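Listed here are the chains, written in short residue letters.
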Amino acid sequence: MSSTSTLASTQQAEIEETIKRIQTHKGVQGFILTSNDGSFVRSTIDNSTTMSLTSLIRTLSDKAKSCVRDLDPQNDLTFLRIRTKKQEILVAPDKDYLTIVLQAHEQS
Amino acid sequence: MPGKVAEKKAAAPTLAGITVQRRLSQLPRQSIIAGFRDEDQDLGNMPDLLDEGLRAVRPDDQLKLTDAELNEEHTRILTARNPNAAENIVRFSYKERTFKPIPQVDQLAVHFQLDGNLIHRDSEEGKRQLIRDAGEHAAEEAEAPVAVVQEIAKEGDDDDEDKVKKPATTGGKGKKLTNQFNFSERASQTYNNPCRDRETFVEQTPRVVFSDNVSQWSIFDAYNEDFDQQQKAKEKEHKKIGAKKDDERKKKFVVTEQSGDDMAKLARSKSASISLKILERMINQNTFDDIAQDFKYWEDAADEYREQEGSLLPLWVFQYELAKKLACTNLAWNTFYTDLFAVSFGSYDFLKQSRGMFLIYSLKNPSFPENIFFADTGVMCLDFHPNHPNLLCSGFYDGSVAVYNIAEENKRPKYQSTARNGKHTDPVWQVRWQKDDLDGNLNFYSISSDGRIVCWTLVKSDLMYSDVVQLKLEKPATESDEGVSLTTLGCGTCFDFNKQQDYLFIVGTEEGKIHKCSKSYNNQYLDTFYAHNMAVYAVRWNTFHSKIFISCSADWTVKVWDINFKDPLFVYDLGSAVGDAAWAPYSSTVFAACTADGKVFVFDLNVNKYEPLAEQIIVQKKRTKLTHIAFNQHFPIILAGDDRGNITSVKLSPNLRKKPKAKKGQEVADGSEFEIAKLDKILALIRDPDDAKTKPTQGQQSTTAAANTNSGDPEQELTRILTTENPHGSKNLVMFSNRDKQFVPLGNLEQLIIHYSYEGNLIPIDSEEAKIYLQNEKNHKNRILPTALLDTYKTKEKTSIEIKTSNENVEPVHQIGEEDEQQTVTSEITEQSEFNELIDDSKTILKVDNLLSIEKPKKLLNRFNFCEQGIQTYTSTKKEVITQTDPIIRQKFVGLANQRIIYQEYMIDYEKQQKNKDKGKQKVSYGSNKSVVEKQLVKTDRLKPETIVKRHQVQILKGIERVLNQNRYQELIYSTA
Numbered sequence: 001m002s003s004t005s006t007l008a009s010t011q012q013a014e015i016e017e018t019i020k021r022i023q024t025h026k027g028v029q030g031f032i033l034t035s036n037d038g039s040f041v042r043s044t045i046d047n048s049t050t051m052s053l054t055s056l057i058r059t060l061s062d063k064a065k066s067c068v069r070d071l072d073p074q075n076d077l078t079f080l081r082i083r084t085k086k087q088e089i090l091v092a093p094d095k096d097y098l099t100i101v102l103q104a105h106e107q108s
Numbered sequence: 001m002p003g004k005v006a007e008k009k010a011a012a013p014t015l016a017g018i019t020v021q022r023r024l025s026q027l028p029r030q031s032i033i034a035g036f037r038d039e040d041q042d043l044g045n046m047p048d049l050l051d052e053g054l055r056a057v058r059p060d061d062q063l064k065l066t067d068a069e070l071n072e073e074h075t076r077i078l079t080a081r082n083p084n085a086a087e088n089i090v091r092f093s094y095k096e097r098t099f100k101p102i103p104q105v106d107q108l109a110v111h112f113q114l115d116g117n118l119i120h121r122d123s124e125e126g127k128r129q130l131i132r133d134a135g136e137h138a139a140e141e142a143e144a145p146v147a148v149v150q151e152i153a154k155e156g157d158d159d160d161e162d163k164v165k166k167p168a169t170t171g172g173k174g175k176k177l178t179n180q181f182n183f184s185e186r187a188s189q190t191y192n193n194p195c196r197d198r199e200t201f202v203e204q205t206p207r208v209v210f211s212d213n214v215s216q217w218s219i220f221d222a223y224n225e226d227f228d229q230q231q232k233a234k235e236k237e238h239k240k241i242g243a244k245k246d247d248e249r250k251k252k253f254v255v256t257e258q259s260g261d262d263m264a265k266l267a268r269s270k271s272a273s274i275s276l277k278i279l280e281r282m283i284n285q286n287t288f289d290d291i292a293q294d295f296k297y298w299e300d301a302a303d304e305y306r307e308q309e310g311s312l313l314p315l316w317v318f319q320y321e322l323a324k325k326l327a328c329t330n331l332a333w334n335t336f337y338t339d340l341f342a343v344s345f346g347s348y349d350f351l352k353q354s355r356g357m358f359l360i361y362s363l364k365n366p367s368f369p370e371n372i373f374f375a376d377t378g379v380m381c382l383d384f385h386p387n388h389p390n391l392l393c394s395g396f397y398d399g400s401v402a403v404y405n406i407a408e409e410n411k412r413p414k415y416q417s418t419a420r421n422g423k424h425t426d427p428v429w430q431v432r433w434q435k436d437d438l439d440g441n442l443n444f445y446s447i448s449s450d451g452r453i454v455c456w457t458l459v460k461s462d463l464m465y466s467d468v469v470q471l472k473l474e475k476p477a478t479e480s481d482e483g484v485s486l487t488t489l490g491c492g493t494c495f496d497f498n499k500q501q502d503y504l505f506i507v508g509t510e511e512g513k514i515h516k517c518s519k520s521y522n523n524q525y526l527d528t529f530y531a532h533n534m535a536v537y538a539v540r541w542n543t544f545h546s547k548i549f550i551s552c553s554a555d556w557t558v559k560v561w562d563i564n565f566k567d568p569l570f571v572y573d574l575g576s577a578v579g580d581a582a583w584a585p586y587s588s589t590v591f592a593a594c595t596a597d598g599k600v601f602v603f604d605l606n607v608n609k610y611e612p613l614a615e616q617i618i619v620q621k622k623r624t625k626l627t628h629i630a631f632n633q634h635f636p637i638i639l640a641g642d643d644r645g646n647i648t649s650v651k652l653s654p655n656l657r658k659k660p661k662a663k664k665g666q667e668v669a670d671g672s673e674f675e676i677a678k679l680d681k682i683l684a685l686i687r688d689p690d691d692a693k694t695k696p697t698q699g700q701q702s703t704t705a706a707a708n709t710n711s712g713d714p715e716q717e718l719t720r721i722l723t724t725e726n727p728h729g730s731k732n733l734v735m736f737s738n739r740d741k742q743f744v745p746l747g748n749l750e751q752l753i754i755h756y757s758y759e760g761n762l763i764p765i766d767s768e769e770a771k772i773y774l775q776n777e778k779n780h781k782n783r784i785l786p787t788a789l790l791d792t793y794k795t796k797e798k799t800s801i802e803i804k805t806s807n808e809n810v811e812p813v814h815q816i817g818e819e820d821e822q823q824t825v826t827s828e829i830t831e832q833s834e835f836n837e838l839i840d841d842s843k844t845i846l847k848v849d850n851l852l853s854i855e856k857p858k859k860l861l862n863r864f865n866f867c868e869q870g871i872q873t874y875t876s877t878k879k880e881v882i883t884q885t886d887p888i889i890r891q892k893f894v895g896l897a898n899q900r901i902i903y904q905e906y907m908i909d910y911e912k913q914q915k916n917k918d919k920g921k922q923k924v925s926y927g928s929n930k931s932v933v934e935k936q937l938v939k940t941d942r943l944k945p946e947t948i949v950k951r952h953q954v955q956i957l958k959g960i961e962r963v964l965n966q967n968r969y970q971e972l973i974y975s976t977a
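Residue numbers (the numbering used here), protein chains in the order written: chain L, 1 to 108; chain U, 1 to 977.
A couple of the hints might just be wrong.
Below, a sample of chain L positions facing chain U; criterion: calculated Cβ distance under 7 Å [what the hints assert, rightly or not]:
(1) I15
(2) R21
(3) I22
(4) H25
(5) K26
(6) G27
(7) G38
(8) D70
(9) L77
(10) D96
(11) Y97
(12) T99
(13) Q103
Honestly, the hints are just simulated from the structure, not real lab data. Remember, predicted model here, so these are calculated numbers, not experimental data. Note that CB positions come from ideal geometry on N, CA and C, so glycine has one too.
Could you put the whole structure together from the sequences, leaning on the hints where they help?
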């Protein structure tokens with residue numbers, strides 16, 4: 001029991017660290033982590049933006065997932081990158097969680 | 001009612017009834033009447049009457065039966081069942097939502113039915129009809145329906161026989177009517193069942209509106225889920241017995257797990273961590289996009305124009321906070337995942353030993369290691385198992401070795417040696433996995449400076465050890481006073497196992513010796529090379545050739561050896577302690593070395609035996625030592641680790657991984673055999689120079705090589721001198737880096753004029769010194785060195801001179817072209833000096849010409865007595881001065897923009913010079929003139945709008961291509977490590 005709990009805690013620390021790294025990474029403007037039942041786990045941007053962004057992205061990713069699955073049921077969507085003029089929206093849909101990162105791309 | 005009749009009556013009446021019925025259809029009206037009556041009587045309960053009536057009236061065609069026949073009893077049981085009724089009628093029951101058979105079928109059969117139109121005789125209508133009937137009585141008696149009815153009515157009531165006869169005789173008088181309406185059916189009406197409604201109230205069933213989309217994949221998922229459940233159910237059945245306790249425990253476990261906040265939940269979700277990882281890699285890819293692109297697609301365009309040089313493009317630098325103060329002690333690429341590598345960190349400083357660690361990095365995420373393993377002491381070496389990419393063995397500064405499973409979550413060693421089971425007493429310098437032993441157990445070797453080489457075998461949960469070799473020092477010259485010879489052990493620093501002969505391996509020691517050892521003899525060395533003056537840092541077998549190995553040492557040298565020869569084949573002095581040397585996996589002749597002054601050297605023996613093709617400083621800070629180097633098996637990149645915890649990856653330019661072109665008519669040889677042959681060819685030149693000379697194919701280079709190696713030791717000194725830096729080359733050159741947006745110092749300088757370092761002694765003929773020389777020459781005519789050469793010229797005289805001059809004419813063209821290329825690279829100073837020299841050269845020769853014509857021809861022809869000069873001209877003669885540039889025009893300069901600009905400037909400059917040349921030569925070469933015109937055309941074409949539009953489209957296509965390329969790179973990201 002104790003070993004598993006320590007394992008879980010180290011895992012948690014690891015994930016925390018990964019998130020921290022992502023947040024502090026160059027060009028990253030925002031990081032949102034929501035669970036699929038609608039509750040926010042993490043967000044680094046203001047509430048209203050988070051809300052609107054999440055709801056919109058969620059429908060989009062669901063749609064995209066459905067599209068991919070319809071083409072081939074054994075396939076699945078793993079990642080979604082939306083390249084916009086101002087930034088890039090990285091979406092990692094998942095069984096239980098949806099992770100969104102806004103990254104400004106370099107002006108080149 | 002029919003049932004009752006059946007009870008009372010015998011069979012005969014029914015029989016009669018049937019006959020009556022049959023007759024109904026056939027007989028005229030009269031008999032119909034009779035029939036009616038019959039039926040009436042039959043239905044009415046009057047058996048006696050009926051009998052008599054029947055007997056009385058007998059149709060003509062009735063069967064005549066005897067008494068006996070009549071009395072015969074036909075027993076027929078009448079049942080209430082209607083034989084014609086269907087038995088299996090079903091009806092849908094709404095209550096039960098099924099079809100249900102109906103048990104009771106309606107058994108009532110109606111054989112005949114006729115609704116009458118009777119009128120009461122006292123009614124108005126009746127009276128009227130009676131009056132009318134009286135009038136028309138005689139004529140149409142039979143047709144009047146009322147009359148008929150009346151008669152029937154009469155007959156129905158009459159008991160007399162007369163009345164029965166009446167219909168046969170007349171229908172006229174019918175006055176005795178008692179029962180006007182002869183309905184015996186009235187009685188039967190009471191049998192109707194009363195109807196009753198029954199109602200019950202129930203609660204309304206709840207209704208919910210449910211809607212969902214069904215798509216192919218949702219169906220697929222549902223099926224899968226179902227399948228899984230079935231599978232689980234099956235398993236459960238299997239496990240049910242004896243597993244109850246476990247279940248309980250599990251339950252508890254689950255409960256404890258579910259408590260906790262969102263983050264904890266997230267931590268448990270494995271897929272979440274994976275997607276986070278992908279996300280991080282993606283972000284990294286975005287920020288390091290240019291490097292990733294370079295990694296995959298950048299090829300140094302400049303390589304096409306230089307023959308024997310290459311460059312190294314720095315890619316990612318891997319850094320980790322906690323490893324910053326530690327030195328990289330070993331690098332190992334994973335054998336299965338080509339993007340994965342492990343780096344061990346420790347310290348090489350004896351006084352500053354502290355903790356250590358090793359990191360697992362992936363190229364996909366250059367900013368952070370995939371895995372981190374900490375250790376209490378410095379990790380000095382590691383090695384990935386070739387067949388089990390998750391197994392990593394490592395050696396530590398405290399002498400222990402350990403085996404890790406890097407895929408496991410807990411970051412503790414799987415196996416570890418302890419003081420009890422044969423741990424080394426000194427730092428372990430190298431570990432290496434070996435083939436599985438006869439029992440199929442994994443095993444690896446380690447070498448330490450305590451002089452032991454130990455084989456470790458992984459047996460179940462234990463690490464078994466056996467000493468393979470003890471590095472005994474040869475007996476010291478002075479024996480110890482007591483006469484007891486103490487065997488001291490040498491210090492092993494590195495080893496490598498032969499790729500073909502399993503038992504054979506070489507060991508480098510701190511004394512500078514290299515021992516050739518065998519796994520089967522642990523007391524003796526097969527051979528010993530006195531290789532270096534200081535500690536050997538690395539020994540490596542050639543990737544392809546099983547007899548060749550390389551060694552590098554702290555005494556600044558890298559040496560290439562043949563296992564069968566005591567002397568090295570090649571020696572290179574790199575000007576600083578050489579930390580590591582490695583053969584390339586793709587070529588037998590390419591190797592790289594890294595030095596303590598932060599440089600990486602790449603050699604290709606096939607191209608140049610004396611100098612590195614690339615020599616570049618790749619560390620960012622001064623006084624950073626490079627400690628280790630490793631080629632990737634798959635990608636053209638090298639990793640170099642330094643003593644400040646940084647790992648730099650550099651990409652090899654095309655020249656550094658060039659494969660020699662197959663000659664015409666030959667098939668393109670491939671694989672290891674070809675590589676071995678290639679190396680053998682070069683080695684043959686070294687060992688047997690005379691042979692090489694006779695070979696025509698070797699060309700110029702081989703003869704010089706042979707000449708150099710021919711003359712033994714002093715010549716070797718010469719080669720060392722040649723490898724040092726070009727004294728004329730400036731060291732502070734910068735080049736604009738597009739990535740960093742700034743000028744960066746250029747590592748690899750062009751070492752152009754090394755071969756011509758003798759040129760420095762050229763003196764202009766009219767200088768003071770030369771005059772003295774000329775004077776001397778006049779005095780001692782025959783004693784001057786170059787006379788031997790001059791003798792040959794004596795015979796040819798003028799013709800040879802012409803050749804010379806023509807050579808000289810061509811040379812400047814080439815030289816200038818080359819010079820231009822270096823404009824950004826080399827400083828102006830060198831250029832100037834080069835020019836001066838050239839000018840001097842031609843001048844002198846011209847002067848010589850003059851002298852020849854005026855004075856005695858022999859002594860002044862070659863004023864500068866260098867036989868090397870002859871070689872010099874040969875090497876530089878390149879007839880394709882013009883053709884060499886031709887393909888450049890058609891080259892699309894896809895890569896860097898500044899390349900194109902440089903090129904254009906070159907071209908303009910070149911054309912100018914060409915024009916000048918042409919003017920001077922005056923129509924000497926038509927070909928070059930033509931090309932100039934063409935080039936101009938090309939230039940003007942570029943500005944036309946059509947071409948611009950085309951270029952725009954090309955740009956778009958390139959954009960698409962770029963995205964595709966990037967996607968190709970992404971496969972790296974998705975393959976899970």
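Status of the hints after comparison with the structure:
| no. | hint | verdict |
| --- | --- | --- |
| 1 | I15 | 5 Å, holds |
| 2 | R21 | 6 Å, holds |
| 3 | I22 | 5 Å, holds |
| 4 | H25 | 5 Å, holds |
| 5 | K26 | 5 Å, holds |
| 6 | G27 | 6 Å, holds |
| 7 | G38 | 12 Å, violated |
| 8 | D70 | 5 Å, holds |
| 9 | L77 | 11 Å, violated |
| 10 | D96 | 5 Å, holds |
| 11 | Y97 | 5 Å, holds |
| 12 | T99 | 6 Å, holds |
| 13 | Q103 | 6 Å, holds |
Of the numbered hints stated above, those contradicted by the structure are hints 7 and 9, listed in ascending order.
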